[in-house]
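A.B. asks: Since chain C is already given, all that's left is putting chains F and V on it; use the hints.
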Amino acid sequence: MALEFDRSMLGKVFDETPFPPVTKEEILEFAAALGETNPLYTNEAAAIKGPYGGLIAPPTFVTKLRAQKFTPEHLPRFGKVGFDGGRDLEIYAPVRPGDELTMLSTIHDIYEKTGRTGSMYFIVIRNEVKNQKGEKVAVIDHRIMQR
Amino acid sequence: MSIVYFEDIEEGDEIPFIDLFLSKDQVRQYARTAHMYVPRFTDDEGARAEGLPGMIAPGVMSMGLLARMISDWNQAAMIKRIGTTFRSPVLPDRNLHLRGAVTQKNEDDHTVECDIWMENDEGERWVIGTTTVAVPTKS
Amino acid sequence: MAHILDLHLHSEASDDSRAPVEAYLKWLARKRDERPLEGLVLTEHRQFNQAGDYRELEDKYGILILKASEVETDYGHMLVYGVNDDILKRFDFKNVRLPAQEVITEVTRLGGVAMPCHPGRPTIGLIEHYQKKPPLEGVVGVEALNGGSKKGENERVAGLVQAYGYHAFGGSDSHLVSFVGLCATEFDRDIQNIEELVEALRAGGYRPLDFRLQRPQTPIISEVSNNGSGI
Chain C
1 MALEFDRSML
11 GKVFDETPFP
21 PVTKEEILEF
31 AAALGETNPL
41 YTNEAAAIKG
51 PYGGLIAPPT
61 FVTKLRAQKF
71 TPEHLPRFGK
81 VGFDGGRDLE
91 IYAPVRPGDE
101 LTMLSTIHDI
111 YEKTGRTGSM
121 YFIVIRNEVK
131 NQKGEKVAVI
141 DHRIMQR
Chain F
1 MSIVYFEDIE
11 EGDEIPFIDL
21 FLSKDQVRQY
31 ARTAHMYVPR
41 FTDDEGARAE
51 GLPGMIAPGV
61 MSMGLLARMI
71 SDWNQAAMIK
81 RIGTTFRSPV
91 LPDRNLHLRG
101 AVTQKNEDDH
111 TVECDIWMEN
121 DEGERWVIGT
131 TTVAVPTKS
Chain V
1 MAHILDLHLH
11 SEASDDSRAP
21 VEAYLKWLAR
31 KRDERPLEGL
41 VLTEHRQFNQ
51 AGDYRELEDK
61 YGILILKASE
71 VETDYGHMLV
81 YGVNDDILKR
91 FDFKNVRLPA
101 QEVITEVTRL
111 GGVAMPCHPG
121 RPTIGLIEHY
131 QKKPPLEGVV
141 GVEALNGGSK
151 KGENERVAGL
161 VQAYGYHAFG
171 GSDSHLVSFV
181 GLCATEFDRD
191 IQNIEELVEA
201 LRAGGYRPLD
211 FRLQRPQTPI
221 ISEVSNNGSG
231 I
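Residue numbers (my numbering), protein chains in the order written: chain C, 1 to 147; chain F, 1 to 139; chain V, 1 to 231.
The shape of chain C in the complex, shown without the other chains (with noise of 0.2 Å):
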């Protein structure tokens, strides 16, 4: 299927989603689920004394932040399934608890290429996640995959 779709989409926000406010018990688990035993992320009070001040999360949780809308409404399927393709993160503020995220979705790109399971069609998602005092806490890419 030739790779067709209307290029303005690219580049305006399609989704802006607010989160209820990050809890210390998320941080823990998110920590426990991936093995971490870095302080920062597992003991509070060793956190309080470290260069943050308390606790963190692990820098791969706002990856865990899911919008409401994956794509948007109009934006044709170019596959049967969708697969990860891969993320790409910039982390610019730890997320603390009681942080209110907010994330804000744009189309970034869409391109087709070939690999082992055949054609496939990649639609970059650009997540821009802020906190409540309007800090810049993370941009993900995220490259979702159609085949």
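It should be emphasised that the hints constitute simulated quantities derived from the structure, not laboratory data.
Mixed in with the good hints, there may be bad ones.
As the list claims (entries may be wrong) - Distance condition first, Cα-Cα at most 25 Å in a straight line; then the derived SDA-like pairs of lysine to any residue:
{"hint": "1", "chain 1": "V", "residue 1": "151", "chain 2": "F", "residue 2": "119"}
{"hint": "2", "chain 1": "V", "residue 1": "60", "chain 2": "F", "residue 2": "104"}
{"hint": "3", "chain 1": "V", "residue 1": "94", "chain 2": "C", "residue 2": "75"}
C.D. replies: Frame of chain C; chains F and V shown alone:
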């Protein structure tokens, strides 16, 4: 856990590797905490219905494990950027090997660039990527 | 002067690679004993990197750097060496369904050479296509050793090489700095520029080299984690 200073890192250094056995329960535990508790990450039958060989670990779980490898190496390391490509689905119930190497030191901002990857017992690289890590300096 | 070259590499110009060219060179300088490479060929995905100028880096590191492309066809992926304006006018490298026979024939006619890469790989390798379609005319060589291959993919190519009398070469298919030069090609003749590389690839007198370290036997690790924390 130890602190590794910029001055003590050399280009070409290998990041201390992690060999682990990834069980299905561990994948389910991650899926639960990441609000990804869907068939492809939790149930073999459900995953096969989507054309997969069986349940798989989420790509971001692999990414998180590679980030943990950096944290295990250097308690004071702060990841500024991490990018990974998920080349093949990561199937649980097997050995996985997390590897990394320092490819560049940046004197101006005391960061290091590292290659990071996850491979299976046969040396097939299922996840590859790079990370820019800020590390403490003695001066 | 170069006899040993990595013929298949992706720099940060390729969408899925994160390797600056200079970082590749620094890594090779450090790993000289294990991987004695004298040249690199940057084979960027679906493009020819016209703007890339590596002459200063060549001088600084004493390694030959040549530019080529990896394109996608209806018989799998191919590496195109000797890309020139005529070839770029003839084929849109962004097209992921280029007609393979035309690519082989026309690239040769226009002064280059197109060589199927990772022929043992599912879907994008030549072997699977030869199972259902007539073989291509004019193929002179294939990448028998690819550093990014899965178990069995390189091994499968021996049969193809024997059946069709293709020359065999090697390349790392590196997308990360530290994978440069893990697989390479040794030429009998000295290669000094892209024209000589094209001539040599057409003529023969080369073979793949494997610089990957032998993997130690990995014990099965028990389910109880190695750090006691769950994983």
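A.B. asks: All hints are to be evaluated individually against the structure, with a verdict given for each.
C.D. replies: So, going through the hints one by one against the coordinates:
A distance of roughly 12 Å separates the Cα atoms of residue 151 of chain V and residue 119 of chain F; the hinted pair therefore holds under the 25 Å criterion. Between the alpha carbons of residue 60 of chain V and residue 104 of chain F the distance comes to roughly 17 Å, so the proposed pair stays at or under 25 Å and holds. For the hint pairing residue 94 of chain V with residue 75 of chain C, the CA-to-CA distance comes to about 22 Å; that is within 25 Å, so the pair holds.
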